[in-house]
Amino acid sequence: MAITAEGGLGRDGAAPILDHKSYGLWSRLAALGITRRIGMLLLFAILAFLTLYPLSMLLYGSLHSTPPGMAGEYNLDGYRQILTAENLLILLNTIGIAFAKTIPSISLAILLAWICARTDTPGRGVLEVLITLPFFIPPILTAMAWGMLGNKQVGVINMAWQWLTGTTSSPINVYSYGGIVWHMMQYSTPFLFLFIVDAFRAMDPSLEESSRMSGASRFQTFRRVTFMLMLPAIVSSFMLSLIRGIESFESPLFFGLPAGITVITTEIYNAINHRATPAYQYATALSFAIMVLMFLLVIWQWRLLRGRSYATVTGKGYSPNITKLGPWRWVTFSFCILFFIITVVLPVGQLAVGSFFQFFGFYSWDMLTLDHYRAVMQNTDFWRALSNTMLLGLMGASATMVLGGIVAYVSVRTKWRGRRLIDGLAWLPWMMPGMVLGVGFLWAFAMLPGPFPIYGTIWALLLAYMALGTPIAVRVMSTAYHQLSFDLEECSRVHGASWWQTLWRILIALAWPSFAVGWVLTFFGIMRELSASILLYSVGSEVLSVVLLKLWSNGQAEQVSVIGLMMMLLVIFFRWVQLKIIKNRISTL
Amino acid sequence: MSAVIVEDVSRTFGDVIAVNRVNMKVERGEFVTLLGPSGCGKTTTLRMVAGLEQNTSGRISIGGRVVSDADAGFFVPPDHRQLGMVFQSYAIWPHMTVFDNVAYPLRIRRKSKAEIKQKVEAALRLVEMEKYAERPAPALSGGQQQRVAIARALVFEPEVLLLDEPLSNLDARLRTQMGDEFRALQKRLGITSMYVTHDQEEAMALSDRVVVMQGGHILQIGAPEEIYQRPNSRAVAAFFGSPNLLDAKVTGCAANGDGTFDVSLSGQGWQGHARAGSKFESGEEAVVLVRPENLRFANGQMNGQANGSAMNWSGKVVESIFRGPRTSITIETGGPRLHVEAPALLGMKVGDEVKVAVPEAGAWAIRPEARA
Numbered sequence: 001m002a003i004t005a006e007g008g009l010g011r012d013g014a015a016p017i018l019d020h021k022s023y024g025l026w027s028r029l030a031a032l033g034i035t036r037r038i039g040m041l042l043l044f045a046i047l048a049f050l051t052l053y054p055l056s057m058l059l060y061g062s063l064h065s066t067p068p069g070m071a072g073e074y075n076l077d078g079y080r081q082i083l084t085a086e087n088l089l090i091l092l093n094t095i096g097i098a099f100a101k102t103i104p105s106i107s108l109a110i111l112l113a114w115i116c117a118r119t120d121t122p123g124r125g126v127l128e129v130l131i132t133l134p135f136f137i138p139p140i141l142t143a144m145a146w147g148m149l150g151n152k153q154v155g156v157i158n159m160a161w162q163w164l165t166g167t168t169s170s171p172i173n174v175y176s177y178g179g180i181v182w183h184m185m186q187y188s189t190p191f192l193f194l195f196i197v198d199a200f201r202a203m204d205p206s207l208e209e210s211s212r213m214s215g216a217s218r219f220q221t222f223r224r225v226t227f228m229l230m231l232p233a234i235v236s237s238f239m240l241s242l243i244r245g246i247e248s249f250e251s252p253l254f255f256g257l258p259a260g261i262t263v264i265t266t267e268i269y270n271a272i273n274h275r276a277t278p279a280y281q282y283a284t285a286l287s288f289a290i291m292v293l294m295f296l297l298v299i300w301q302w303r304l305l306r307g308r309s310y311a312t313v314t315g316k317g318y319s320p321n322i323t324k325l326g327p328w329r330w331v332t333f334s335f336c337i338l339f340f341i342i343t344v345v346l347p348v349g350q351l352a353v354g355s356f357f358q359f360f361g362f363y364s365w366d367m368l369t370l371d372h373y374r375a376v377m378q379n380t381d382f383w384r385a386l387s388n389t390m391l392l393g394l395m396g397a398s399a400t401m402v403l404g405g406i407v408a409y410v411s412v413r414t415k416w417r418g419r420r421l422i423d424g425l426a427w428l429p430w431m432m433p434g435m436v437l438g439v440g441f442l443w444a445f446a447m448l449p450g451p452f453p454i455y456g457t458i459w460a461l462l463l464a465y466m467a468l469g470t471p472i473a474v475r476v477m478s479t480a481y482h483q484l485s486f487d488l489e490e491c492s493r494v495h496g497a498s499w500w501q502t503l504w505r506i507l508i509a510l511a512w513p514s515f516a517v518g519w520v521l522t523f524f525g526i527m528r529e530l531s532a533s534i535l536l537y538s539v540g541s542e543v544l545s546v547v548l549l550k551l552w553s554n555g556q557a558e559q560v561s562v563i564g565l566m567m568m569l570l571v572i573f574f575r576w577v578q579l580k581i582i583k584n585r586i587s588t589l
Numbered sequence: 590m591s592a593v594i595v596e597d598v599s600r601t602f603g604d605v606i607a608v609n610r611v612n613m614k615v616e617r618g619e620f621v622t623l624l625g626p627s628g629c630g631k632t633t634t635l636r637m638v639a640g641l642e643q644n645t646s647g648r649i650s651i652g653g654r655v656v657s658d659a660d661a662g663f664f665v666p667p668d669h670r671q672l673g674m675v676f677q678s679y680a681i682w683p684h685m686t687v688f689d690n691v692a693y694p695l696r697i698r699r700k701s702k703a704e705i706k707q708k709v710e711a712a713l714r715l716v717e718m719e720k721y722a723e724r725p726a727p728a729l730s731g732g733q734q735q736r737v738a739i740a741r742a743l744v745f746e747p748e749v750l751l752l753d754e755p756l757s758n759l760d761a762r763l764r765t766q767m768g769d770e771f772r773a774l775q776k777r778l779g780i781t782s783m784y785v786t787h788d789q790e791e792a793m794a795l796s797d798r799v800v801v802m803q804g805g806h807i808l809q810i811g812a813p814e815e816i817y818q819r820p821n822s823r824a825v826a827a828f829f830g831s832p833n834l835l836d837a838k839v840t841g842c843a844a845n846g847d848g849t850f851d852v853s854l855s856g857q858g859w860q861g862h863a864r865a866g867s868k869f870e871s872g873e874e875a876v877v878l879v880r881p882e883n884l885r886f887a888n889g890q891m892n893g894q895a896n897g898s899a900m901n902w903s904g905k906v907v908e909s910i911f912r913g914p915r916t917s918i919t920i921e922t923g924g925p926r927l928h929v930e931a932p933a934l935l936g937m938k939v940g941d942e943v944k945v946a947v948p949e950a951g952a953w954a955i956r957p958e959a960r961a
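Going down the list, the sequences are from chains F and G.
Our numbering puts the first sequence at residues 1 to 589.
Our numbering puts the second sequence at residues 590 to 961.
Please keep in mind that the hints were generated in silico from the structure rather than gathered at the bench.
Computed from a predicted structure; not experimentally measured.
Positions of the beta carbon are idealized from the N, C-alpha and C atoms, including for glycine.
Take these hints with a grain of salt, some might be off.
[Stated by the list, open to error] Now the stretches of chain F that chain G is said to cover, found in silico as 3 or more residues with beta-carbon under 8 Å: (1) 490-501; (2) 505-516.
[Stated by the list, open to error] Chain G is nowhere near these chain F residues, computed Cβ spacing over 12 Å in every case: (3) Ala216; (4) Ala289; (5) Lys324; (6) Asp487.
Throw the hints in and build the complete structure from the sequences for me.
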């Protein structure tokens, strides 16, 4: 009998040889986890520099009486200055506008998501691509386009109205509360749509079918089952939209400031950029206050969502129930097309038209010109900004995705100590508006010791973009890793591949489509970024969005149109590449 | 020489002891199954042999070479253990073709192109998947993925083949077929195999020997018939099917000369004989295992010939469930309630008065508590 159940096999029995030579050093190091610990420490240091450091500098700066890098004293003046009646109005403006845009956006997003995921509306696949496109267009471009479209004197919409009715009144004025909300809705609706459409699609149809079998009508089923199952997704989208609304900078900058409407982000911007002496302490205190507001919102979101996340997303490929709309399907189709025309065709059309006419607002044949294109081509600022943006986009997207991929790997695929801390740090910028992070980095870079002259260079922007992009990068890569079973990795290890070989041949090979998608997303994010860039750029390190804003302030709407149009083409090209990748790679897995 | 030796191996997760001082040896060419309910530590044991889990104490050797020794702080990572493994989910890499999947272990080992081609083709032929070599992996059915997983695990002629519930994701008919095919292949190639399952029938049908585990301990190791007919504890007996376990008192015990003992017993309203694996003292408590299919109906003409039987009862049929190939009958005697698996043709009805008997080979006495 070879096997004995009652233990105590002699150690001398089969005389196994301890073969320390071949695995000695490595296996010992691995067993002690030294390499791993060094790696974790390095990761922690990078993330802390990107998030904790600017955050603590924000607190420091809010208590410090002089601008960054200068000697001064500590006091509470900054916080005292916040507590004014004007700032109460600013706070109410900020929150009010965020709510005012969230409610119609989310209703519209639910409707559009339902149309695209659950009805037989013709061309749903294409419609979905068209509806989500505005999300990828930098808001600064649409803001400028709508600034032209909705101009009280020479805006196309008002001119068309006057031509149609024969009156001289101008019903549309984008420089108003309505204008701010209208512009925010255009990029927040597609963003919410992206979240909600997946919740609609991933639902097990048998959940609804069993409701129908229990005697509920189609509408009752929607109200009591479909909607209720989607509620967690809707609530979290709602909160996200609210947070994004408070963070938003472009819309209040373009449509609020001319009308005298101020929100927190524009107030911070004003305090630093538009006062005779920049009020750093006040701006920093305000930034810290908005962080607290964000923090409260996030806690509220957690409380709302606690225990409510039904696992309706099971990863199985369901084919959801499709509602047959009959002739109504052309109504829903037109509705989607209308959304696309308003959010994409109109602003892009305006940019295209604006770029070819001598003066914006005077459209006649003899005004056609290519001068603006020539002017832009000869504008050295433009070329420098373009190359800066491209360089930052390529480097930033790559660095952010690599960092995000590693953080996601550590937090999803390992049981290493400290992985929760890493995950938490990487998530921190999620609730930091770009404006606030910009202020934080302003202090952070100014406080760096001599050998690190980051302040005012392109590297300052790179680090800020990485911080802002990391939460999304981590999220994209965690989702990708979650879908890959551990067996796939373990199987490779058992069959002779080392940890590195497995990482390369299995994990990265399987996750790279997600990496590519995340890369493009981060690239878009960098290209559209304005609020942190406007604080951190200096001469020589301008990016496209900053140059656009400068040209706009100088009244060169025509050159803005030219650059805007080029950026639009770039966006559409990248979006096309991204969709290609998704179609060819991800759908086959 | 033994292919796998597991000595005093334990694995703890925090306060939980998943595997508790396990010892076993697997001989070359042998097929050993680890069997037990979920959470019994069988998969953890297999994963420790694979190197996917590190044992917290004890020593594991593969092919005469120590691969893990917790006390010496020595651990060989899985990629240096020369093992093949088939996972419950098959773990077919979805971004590769069938050929690439099977070629993976060889490419990692930097074999020449020609050798890879020849060996992969041979492995695919072995599992009858040579026609599918260029298929992308996701386009395979469950059974085909299973075959590819086996080919991949065999292609580099590993020391030992590890299988973690490989059949549990297949439907019943395919499961039996794949099991039989795999057993034939294993015998033909003489591959040393360690197999984990919770399915008793699978374990019986495939294995040379079965290791029954529960709560992190090994309860018994033995050939399938031994485990089934001559368990060493009530837990092992109860693990297979729903046996009759009858409480009794020992009235006498005699050695049979072949290592077994003949025990005389007296239960509630019955008396008889049973075999046992160890000596009992008179007056000791015992549990008698009688498998439901070993009980015979002693009807009219057989009545006088029931001499060879170790014990018999008379009673009334209280329940009869038709299961197709057989009928499950419950009999109320004065003492114990008996479950009988009878051929369906017998046509017993509820209320029938019957006599049942069990031959001597079908009654097995064990001590009430599990042996330490």
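Results of checking the hints against the structure:
1. 490-501: Per the Cβ count (11), the hint holds.
2. 505-516: Check passed, 4 qualifying residues.
3. Ala216: holds, 34 Å
4. Ala289: holds, 43 Å
5. Lys324: Holds, since 32 Å exceeds 12 Å.
6. Asp487: violated, 4 Å
Comparing the model with each earlier hint shows a violation of hint 6 alone; every other hint is respected.
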